[in-house]
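For the record, the sequence lines run as chains A and U.
So for the first sequence, our numbering puts the first residue at 1; every next one is plus one.
So for the second sequence, our numbering puts the first residue at 1009; every next one is plus one.
Please keep in mind that the hints were generated in silico from the structure rather than gathered at the bench.
It is possible that some hints are incorrect.
Stated by the list, open to error - Beta-carbon label-pair distances, calculated as ranges:
hint, chain 1, residue 1, chain 2, residue 2, range
1, A, A425, U, D1025, 40 to 50 angstroms
2, U, G1041, A, A985, 44 to 54 angstroms
3, U, F1080, A, V363, 48 to 58 angstroms
4, U, E1210, A, A39, 44 to 54 angstroms
5, A, V363, U, T1026, 46 to 56 angstroms
6, A, A985, U, D1217, 27 to 37 angstroms
Said to hold, decoys possible - Below, in silico cross-link-like pairs of lysine to any residue (SDA-like), each with a Cα-Cα straight-line distance of 25 angstroms or less:
hint, chain 1, residue 1, chain 2, residue 2
7, A, K924, U, E1140
8, A, K924, U, R1093
9, A, K924, U, G1122
Said to hold, decoys possible - Listed next, the stretches of chain A that the computed footprint assigns to chain U, with coverage defined by at least 3 CB atoms under 8 angstroms from CB atoms of chain U:
hint, stretch
10, 505-512
11, 936-950
Nothing here was measured: the structure is a model prediction, and the numbers come from that model.
Note that CB positions come from ideal geometry on N, CA and C, so glycine has one too.
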Amino acid sequence: MAKHFKGEKGAPGEKDRALAAAAPRGNVFTRFTLRSLAANRVRTTVTIVGVALATGLLMAVLASVTSLHAAIVNYIRSTDGVWQESFDYTDDATLGNLLTLAGDHLDRLATRRDLGAVALSEENAEYAGTYLGIYDLPVESASTPRAAGDTDYAVYPAPELDEGRLPEKPGEIALPAYLRGETFVSGASQLSGVDGGATSEGEFELGSEVTLAAGRRVWVSEPETPIKSGALFQVEYSYETGEDGSIEEGETVLETLTDVGEARTYTVVGFVSTSYSDGNVAYVSPDEPAMTASESAIGNAFFSTTGYASENELDQLMARLLGEDGSWATNSSLLTYQGLDTGRQITTSLVLFAGALAAVIVVAAVSLISNAFRISISERTRQFGLLASLGASRRQLRRTVYIEAGIIGLIGIPIGVALGIGGAAVAFALTAEGWSMIVGNGVTVGLVLRPLDAVAAVALGALALLVSALAPSLRASRVSAVDAIRQTQDVRPSKRLLRVFRRRRTAMDDFSADGRLPRGLAARLGGMPAFLARRTLAVSAGKSRAAAMALAVSVALLVTAGLVSDYLSGMTSYIDYGGSADMQMWVSMSETSSELAASPAAVNMNDITTEISRVSGVKEGSASGIVRTYGSVHVDPAGVNWNAVDAYDASSPYGGFQMDREGYGSADFYLVDDATWHALAADLGLSGDAADPEHVSCVAFNRVSTTNESTYGAVEPFTGSVGTLDVLLADLADNQWLAMSDDGSAYGLLERDDDGTEVTFVSPASELGLKTMSVPVVAYTDNLGESFPIGSAMMDQTTGLTLVMPASAVFGSELEGAMSTSVIQYFASFAEGADENAVIEGIQKALGARGDIDTVTINNLRESLREYNAMIFTVNVFLYCFIAITMAIAVANVFNTIASGLMLRTREFATLQSVGMGRRAFRKMIFLECADFAVKGLVGGVVLATLVNWGFFAALSSSISTLVFEMPWGHVALAFAVVAVVLAASAGYALRKTHALNLVEALRADVL
Amino acid sequence: MDILRIEHLTKTYGSGDTAVRALDDVSFSVGAGEFAAIIGSSGSGKSTLLHMIGGVDRPTSGTVYLNGENVFERSDEQLAVFRRREVGLVYQFYNLVPVLDVVENMCLPVLMDGRAVNEKRLTGLLHTLGLEGREHHLPNQLSGGQQQRVAIGRALMNAPAVVLADEPTGNLDSKNSAEIMALLRKSNRELRQTLIVITHDEDIALTADRVISLEDGRIASDTRAR
């Protein structure tokens, strides 16, 4: 400390006054703080890094949320437009009223006309609907302020072109794409007494002509009230039960067409995609004259506003404009995301999940900052005492702490904000493609910065810093000058220790009976090092609690990172697209038979895969074939996971699991070609007979999806304990088959009577005395590996057991007759750089030339795979960013706690060594202290991690039905290992640092 | 007989331009039971010399023989044993272990050595040092003078051949100073312990058998009383 004041002139007495008046006071304390920060570079750096990391993480999370929110809003804008409210009008005065009523609030306004509807002949109505509505294209009014600057998207989007262009002048029309290639013919329409008003010559293509006569759709009951020309056909359905118990369906048409104008001819200039909001509509140019007999058109106005705080205010405007009974439409999804519609809660699992994550981040950030800061201050307790002895007031001392907080914040927080923005920008740049696919409609997703986010991150970081500085500042101001001068360490013995001392009477009470050891269990077990370690922990109970807490937070953070990874990858597994293949070929013969032996496309499987693999542009080794068949099996009931079956029965949308309690049930068999079986065997680590495709065996695919409309889930139907199962070799008549009984209680023989009308359950399978063939189960798995062409998430969409078998072993064996073919599929992937269309054509040709296959349909899965992979990649980038930052925070936290704690005790260590403590004993002492922290940290960490895990579980169990609450012990072990390693490294660093200080120096070290 | 022989002891801190030669070829011997005072201005190398003798620091060159044995031929682990058995160190700033009570601090070297605490010696020392009734207090519950007595007790507990004291009274008032010096002197006389004291205090220097004066790391004078 003396060093710091060497620069000051005069004796201590003068210094007093200098502090009080002469010298600029702030300066002295600021300089003092700056110097102590500079003197302890490592600790200062770690503190600043901690503040920066915490602020950065907050910034990144806020920026990501804002960016995704903006992307979703842009998605809505691009699909629905930026309009907030919409209404219909027949009198242009209504528009004028809007301008008056909304005033400055009106931002953008677009109008279009509903010109009428054309009735289609019954023949055309079958595929094109009862009407074709005619709208003109929306036109934005140039007279509104457009102040929001939100001009990237249309007020109301023009229809999306499929081909050609939009109409530009009267007489031009763009038809919905579903009419391409069709012909309008005349005839009666579906409306009684109304003829179809649309005709054309030849099939529709660009340049062809269409003749249309449009009228106005009105309600039969209220002929004055028009119906939107693109709206659905207004029909009321009724059901009546007749005398014989049959149900009769009746329908009453509620609308009709009036005011039909003269037919006009239009030139087709484009085809457009049908939009959900407009309906079955053709578009004409804005200059098109009215079409109905009365030359009336209904205006549709769409407008956006600024300055309204809620949807309620918008509604009030509409009510004033159109009257309380008026009707208007609201772009509700946009209003929801704009925060105007507060009535609707967007509470999905993902939001809750993000909430739990944000809570963890905030807790971790505050813990890190306060921990770093607390240590930094307690390290300088004595300096404060000295300052107090020199006349610094308590307020001045407190201010010193806040100055330090300020300096650290001034450096750390901007770095953190920059780090967070930079990190988020990089993450978004890497994942832009994936996000675009997730959001959809080609909306580009990029980093969106909102000043408010930066302000929030800065404020949260500063708040954490302030909260962290509060306790140390109070402590700093309470340090007594006497303590400082006497240079006693900051030791606060616990009451318990003081009691222990008080109970000891004679000098020898401190020792064991033989006088060789201090008293106590620790000394007896581990000698002097253990005794010293134990005593240190007991004396500085508060400090060691804080250290253990810091380690616990670190363990919990790392476990959280693992949990996030598990839950996210768990969620993506439900959207798993497929296996490894790029192409999926559906193969069939014109005369299809369910008999396996009668399908050459199945029997010649190995030849066909070879043929496919020879086509140029097919990736080597990627061709594979699968014949999907079904049959009946018997599994030892002990090998069935009945809890899983019950869970399936409860939530599957496909009804009950196809297996009775005695283990009889139906199974899907996936018969694969030799190469695929070899690859599967290699992936699953099978060898010998099990890997031989000529040898009968099966792999049980142990996963059945329970995903339904509202929740995701999958269960494992096998316990994995039985080594064989029996395939039933039933020889049945044509009118017999094996299936579950109606009540789902037994699997057995069903029979249809001679009339073919009634089906009876004859007998359970267990009583039929059926011949069976035993098939060894060589593996149970819910993952068929990288090379299997079908993805797990596709295969688990089933109602019974799924078994994979080598086709070669099945053909020619008794099993052949026990299975019925449903689908024959081949798969292949593209070689790198191959022309995808040429490859598909090549395969078509090669297979067509064989003669054993009639039709081949080839699906190119690559595009969907690309989308899927981009989505997975996006999720992973964010996941790994999160893990990396949490790791950094956890490591910084442990380092701060352990290294600083040890470095503070430099002098004590030197004393111990100077009175003859050996290196080995010293290391043992440190090790025991650290081990104590580690164990306490582990216990605390497990408690915290359990809470976090429970939070995640609660958030996600609402959407994943089969989620089971499990403690991730693997992650806990891993997290503990990481913390232990960092702890050891920090202790090592601190000790090297203290050793580097020469013992002599350390002994004199004033720790000032 | 010379219990302590110092030969050509040199210690350099740092290297290159910033190298400081704290001790420069210092040689002298001290006999058993001798009381030597080392004086000199600050920075003259007094403390460095004391730390070398105490086995706390290693010299750049030169040797220290205690009882005819070269101190620095020992490994670090052996040096630790040497420190707890052969020498007693007393510092200006006491350097007590803050988490141990008075008795535990005093007996630390004995316990480190795994030997039994000699009860008679302990109670005798506590009595001599005037620490009775303070046995189970922590250092921060003691006054400065009391703390220094504990440090002296720690140095004497093992009855080492050599007691080294670095300004033992530097932090104390004159009454306490006199008492501390009397204690050291008593132990020096009664147990024939060699006592080497670094001091600024002329009164203390005058009571010594021998006064070695250091200047810029060299012995400037070496005078014996009587």
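Here is how each hint holds up against the structure:
1. A:A425 <-> U:D1025: 40 to 50 angstroms: At roughly 48 angstroms between Cβ atoms, D1025 of chain U and A425 of chain A fall inside 40 to 50 angstroms, so the hint holds.
2. U:G1041 <-> A:A985: 44 to 54 angstroms: holds (50 angstroms)
3. U:F1080 <-> A:V363: 48 to 58 angstroms: Since F1080 of chain U and V363 of chain A have Cβ atoms about 54 angstroms apart, the given range 48 to 58 angstroms holds.
4. U:E1210 <-> A:A39: 44 to 54 angstroms: violated (36 angstroms)
5. A:V363 <-> U:T1026: 46 to 56 angstroms: 48 angstroms Cβ-Cβ, so the 46 to 56 angstroms window holds.
6. A:A985 <-> U:D1217: 27 to 37 angstroms: For A985 of chain A and D1217 of chain U the Cβ distance comes to about 52 angstroms; the hint is violated.
7. A:K924 <-> U:E1140: With Cα atoms ~33 angstroms apart, K924 of chain A and E1140 of chain U exceed 25 angstroms; violated.
8. A:K924 <-> U:R1093: Given that 25 angstroms is the threshold and the Cα spacing comes to 21 angstroms, the pair holds.
9. A:K924 <-> U:G1122: Distance of about 16 angstroms is within 25 angstroms: holds.
10. 505-512: Satisfied; 6 residues make the cut.
11. 936-950: Violated - the stretch 936-950 of chain A has 0 residues with a Cβ nearer than 8 angstroms to chain U, which falls short of three.
In this structure, the hints that do not hold are numbers 4, 6, 7, 11, in rising order.
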